[in-house]
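K.L.:
Chain residues, written in single-letter form:
Number of protein chains: 2
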Amino acid sequence: MNQPEFDQAFARDFETLLAWRRDVRHFRPDPVAAELVEHLLDLTTLAPSVGNAQPWRFVSVDDPARRAAIIANFEAANAAALSNYEGEKAQLYAQLKLAGLRQAPRHFAVFCDEATDQGAGLGRMTMPETLRYSAVLAIHTLWLAARVQGLGLGWVSIIDPAAATASLDVPSGWRFVAYLCLGYPEADHLEPELQRRGWQAREARCREVLQR
Amino acid sequence: MNQPEFDQAFARDFETLLAWRRDVRHFRPDPVAAELVEHLLDLTTLAPSVGNAQPWRFVSVDDPARRAAIIANFEAANAAALSNYEGEKAQLYAQLKLAGLRQAPRHFAVFCDEATDQGAGLGRMTMPETLRYSAVLAIHTLWLAARVQGLGLGWVSIIDPAAATASLDVPSGWRFVAYLCLGYPEADHLEPELQRRGWQAREARCREVLQR
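If you're matching them up, the sequences are chains A and B in order.
For the first sequence, position 172 matches number 172 in the working numbering, and the numbering has no gaps at all.
For the second sequence, position 191 matches number 191 in the working numbering, and the numbering has no gaps at all.
Worth flagging that the hints you see were computed from the coordinates, not collected in a lab.
Wrong hints could be hidden among the right ones.
[Stated by the list, open to error] What the simulated footprint calls covered on chain B by chain A, stretch by stretch (three residues with Cβ under 8 Å from a Cβ of chain A suffice, anywhere in the stretch; the number is not a length):
id: 1; stretch: 19-30
id: 2; stretch: 56-70
id: 3; stretch: 121-135
id: 4; stretch: 145-156
id: 5; stretch: 167-176
Glycine included, each C-beta is placed from N, C-alpha and C at the ideal position.
Only chain A is shown next, with the shape it has when bound in the complex (with noise of 0.2 Å):
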């Protein structure tokens, strides 16, 4: 198979599929089809990992009663979390509606298995967070290829890990890593919600590179 060559039209479209993808937190109800949502995990797979160990465990939770232990769960976190803002700050986080939990039709939980074998432990020993870091790099994966086909995906951290983690009846060995709410956004926006809220606009730091 010859390598493939990606023609400018391909590279100005993927530079606006990075603008576009937001961190959706409000969604229509509408379900996602079986088969696409088959489709982006199958995608999943061809994201890069630490001595190629894959070590990214995708737990697709469905049970209401599950989803509410889970909704809880943030609930709690956010409180605890709200309370160390105050007056304005306070008022803006409140108001931000940071889950799109109750709305999202497909929730996922993303682990890291750091009991694999998978890899035989190349290239993690004297860094093992790199474990996650490709749990991360996979939900990335996802992230996007779900935008190419018009939907949004919502990464909800606010959440206990440990709490999460019993919730979901997962093997021992697996570390929680990210939940996401998954479906159609209600709306696109070119500007992140956090930034169209007053929260946090971008900055110049995170562009500027040490020279060393």
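Following the hints, complete the assembly by docking chain B onto the known chain A.
P.N.:
For chain B alone, coordinates are given in the frame of chain A:
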């Protein structure tokens, strides 16, 4: 600005990009145009981040003495790793030229600014590691964007992070996340090098989805 829609041709090419992205270890010595590198670094700022904190910090490593320190760091970590493998596996491991450190025209260390006040701590109270995960998302953005332009990226994880941090004299509060090699690949392969060399094939476990 209207929301973009991505057509089937783009979706197909995007999947080709995911399939052909490789962890590149063998580079041609050809330089990479500075403007192209700047453009790729611009694109990293579009990566998702927790609370929009944008905590990734790229360090361009060009000084020969600093590069030599990183290579010595890699060699020490590699020797230590090698002592953990026996027989055939060790031979294979030794043969794998795991770092393109000597060939790649551009080197980048990636840090996470753990002291940043950007994002005001939003969303990372229960899972502070999501700040590092945000830096990983920026790396994956760079990885894919580089491949669109025919460039290869290699992630060197066999490295002592504390020693690397010390070698590069970065601001305090920056945590070492990754060391990257960037350049034009010697050859393109659809199959990962670790797979071609019999180390680790793709496995079904990374595609199993638990139902909960």
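K.L.:
Hints the structure violates: just list their numbers, smallest first.
P.N.:
none
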